[in-house]
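**Q** Heads up: the sequence lines are chains A and B, in that order.
So the first sequence is numbered by my numbering: it starts at 1 and just counts up by one.
So the second sequence is numbered by my numbering: it starts at 1 and just counts up by one.
Read the hints as simulated data drawn from the structure, not as lab findings.
All C-beta atoms, glycine included, are put in the ideal place defined by N, C-alpha and C.
Treat the hints with care, since some could be wrong.
Said to hold, decoys possible - Pulled from the structure, derived: some chain B residues nowhere near chain A, Cβ distances all over 10 Å: (1) 37; (2) 74; (3) 85; (4) 91; (5) 127; (6) 187; (7) 226.
To be verified - Examples of chain A residues lying across from chain B (beta carbon under 7 Å, computed): (8) 127; (9) 179; (10) 180.
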Amino acid sequence: MIDVIGRRAIASVEAVGRVGHFMGDMVRALPDVRTWARPAIVQMRRIGVDSIPVTLFIAAFTGVVLALQASYTFTGAVPLYFVGTLVGKTMMLELGPVICGLALAGRVGASMAAELGTMKVTEQVDALETLAYDPQSYLVLPRVIAGTVMFPMIIAFAMATGIVTGWLTSLALLDLSTPDFLKGLKLFYQFKDVWFGLFKSATFGFTITAVGCIVGLATQGGAEGVGKSTTRAVVYSAVLILLLDAFWAVVLL
Amino acid sequence: MIEFQDLHKAFGGKPVLQGLSLKIRDAETVAIIGYSGTGKSVALKHIVGLLQPDAGDVIVDGQAVSALDRDGLTALREGIGYVFQFAALFDSLTVAENLALGLRRRRVSAEEIEDRVREALALVDLSGTEERMPAELSGGMRKRVGIARAIALRPRYILYDEPTTGLDPVTSAVIDRLMVRTREHLGVTGVVVTHDMRSAYTVGDRIAMLYEGRIRQVGTVAEIQETEDSVVRQFIEGRPE
Chain A
1 MIDVIGRRAI ASVEAVGRVG HFMGDMVRAL PDVRTWARPA IVQMRRIGVD SIPVTLFIAA
61 FTGVVLALQA SYTFTGAVPL YFVGTLVGKT MMLELGPVIC GLALAGRVGA SMAAELGTMK
121 VTEQVDALET LAYDPQSYLV LPRVIAGTVM FPMIIAFAMA TGIVTGWLTS LALLDLSTPD
181 FLKGLKLFYQ FKDVWFGLFK SATFGFTITA VGCIVGLATQ GGAEGVGKST TRAVVYSAVL
241 ILLLDAFWAV VLL
Chain B
1 MIEFQDLHKA FGGKPVLQGL SLKIRDAETV AIIGYSGTGK SVALKHIVGL LQPDAGDVIV
61 DGQAVSALDR DGLTALREGI GYVFQFAALF DSLTVAENLA LGLRRRRVSA EEIEDRVREA
121 LALVDLSGTE ERMPAELSGG MRKRVGIARA IALRPRYILY DEPTTGLDPV TSAVIDRLMV
181 RTREHLGVTG VVVTHDMRSA YTVGDRIAML YEGRIRQVGT VAEIQETEDS VVRQFIEGRP
241 E
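Extracted from the complex, chain B is given alone in its bound form:
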């Protein structure tokens, strides 16, 4: 289970998270929605210890992330797959090497690495791209490789940072389907940060809206769709005022 406990974070004196509290239960996918710049990605980075909170904490499997030392963080990260907004593939490595890098760190045997790379690429419909370089891939393909890199680790948790941003509607739908398939096949707990409502409705078991640094409302897809909260309503309907 992942739990945000009264998380506060400011950058250069500007508060971004102001008391974020949210529980993500095992085997569920929670979509965190909210306006651009409200700290959704910042919240996600706290889960893997890429950022340190000013106050509060994130608890993962009973461990306070900010209290972990380097070895503790390494152990935590071995159980988490992270899909970056722009994929963050390593430019100098081939697709297969990108997927294999994390596995090598986990001392997986060479044969198993090969199997897992093939399997993960098949799951994202990118079989045969093993030897291609990231620069040779389209934006959608790069995102799918990013997802494959996370899947190949067979993590307990997968964190998706804006997985459909900048993609055309069809490719977005492909990515959404892929996230659902990943949850169904692997049974992982997921956190999806997005402002794409169609994506949130498709992949989220629950949806949480982050507004002014804290959770404004959290509920099932149906509860969010029927909300009477004017702020949430305005956001999900995409109304300017």
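Isolated chain A, as found in the complex:
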């Protein structure tokens, strides 16, 4: 029993050390712009543009449901224009970043872990090193930079989409006029709502891509190892997103 606890404790400390080492290597690779700049643009397209459809799809339905649930909750107790307040605040502060972050943890984090894991087990990462490339510069930094830059942009679109579908739902199903919806939307609006949501999204983007890279590059074995890494990347990213979400709420709100 003590032996098992001891081994787990050592493994945990080693894992923390590995992550610290990984982050240190990433910072060290930053000046190697010549290597990471071009792949970073490719990754921005892959992470950003290719993620837009799924993110907007999720955001659109979130906006619809938010408007309907707000109306259901407020009826008879709170003026209906508060639907606009709830849809706007919730999309900007919480659901836009978190729901889309969780969805992208599946899409982006899993695909990164699978891609890098496959490269690892087929010796492509070793091949890259023998060609005198630093995998941190060529594989990791482009992905992490792309994730950190593109997530706020994607989520800005998601927030806007959610608010628009919430507004359309209010018009079509709730007998709420556009001026009333806008009145609610503006009521408690602060610019902080937007930057808080976008800043949080950037940290989610960093976390998801860094976890995908760390887990992918630590892959061992063959196809089974790649499968395990993919699952691990999604689980770790999802847990970290929720922890970060709570952390930023405590620190910044």
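Use these hints to put chain B onto chain A, whose structure you have.
**A** Same frame as chain A, now just chain B:
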């Protein structure tokens, strides 16, 4: 010159290399033979610093590989071509891009990259495959592209990890001929890890047998063929007992 100095390496407590010592002189090709799992590929990875030794070291051109920092390793690797067992071509890049990647790192001009890619592919008889993806190539073609990727760098050393494993006899002979041609054309120093004796006899100036983590015997092809060491004899003759 590459020199293994009393190299030790273990994985998960299981010793693989237990005092490997071997000198590879400039412009010669040494074939390292041995049973599967005896650490031949592990030894090769120490030359380029992909693995760190538990004890001992590999000395390349007078530099201890394990003592090199990231920049030192990069400089060392720029002079070494590495041919992987399963080619390790980058799936997302075309054949030409696979060859060009290492050259771009070495700041070779775009025109020269184009020339070197064409020349290297011609040397491995794969002219015209520049725009094909690795997934569209056969196993033998992938290995030849792997060799072309190493040749295009014009390295001082080429390391071959099981270059003929899994290939039919004719394709194996083509790869052997290619390795000989590479040595003759480019005058590079080569280390070939293999358990294919026909390949070892064809490409090796000397053959070294790795057994139980250290070199059991090293000698010319003729010396190995006439050996009286029972372990080496059994291996080269492929006798089960």
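**Q** Holds or violated: is the Cβ of residue 127 of chain A closer than 7 Å to a Cβ in chain B?
**A** holds, 4 Å
**Q** Grab the minimum beta-carbon distance between residue 226 of chain B and chain A and tell me whether it stays above 10 Å.
**A** Non-interface label on residue 226 of chain B holds, nearest chain A Cβ at 36 Å vs cutoff 10 Å.
**Q** With a cut-off of 7 Å, does the beta carbon of residue 179 of chain A approach a beta carbon of chain B closely enough for the hint to hold?
**A** violated, 52 Å
**Q** Quick one, is the residue 180 of chain A hint okay against chain B at 7 Å, beta carbons?
**A** violated, 52 Å
**Q** If we take the beta carbon of residue 85 of chain B, is the closest beta carbon in chain A still more than 10 Å away?
**A** violated, 8 Å
**Q** Checking the smallest CB distance to chain A, is residue 127 of chain B really beyond 10 Å?
**A** holds, 22 Å
**Q** Compute the least Cβ-Cβ separation between residue 91 of chain B and chain A, then decide whether it is above 10 Å.
**A** Label violated. Min Cβ-Cβ 7 Å, cutoff 10 Å.
**Q** May I ask you to check that residue 187 of chain B keeps its beta-carbon over 10 Å from the closest beta-carbon of chain A?
**A** holds, 20 Å
**Q** Quick one: work out the minimum CB distance from residue 74 of chain B to chain A and report holds if it exceeds 10 Å, violated otherwise.
**A** Violated, since 5 Å does not exceed 10 Å.
**Q** Examine each Cβ of chain A, and state whether all of them lie more than 10 Å from the Cβ of residue 37 of chain B.
**A** holds, 16 Å
Consistency with the previously given hints fails for numbers 2, 3, 4, 9 and 10, ordered from lowest to highest.
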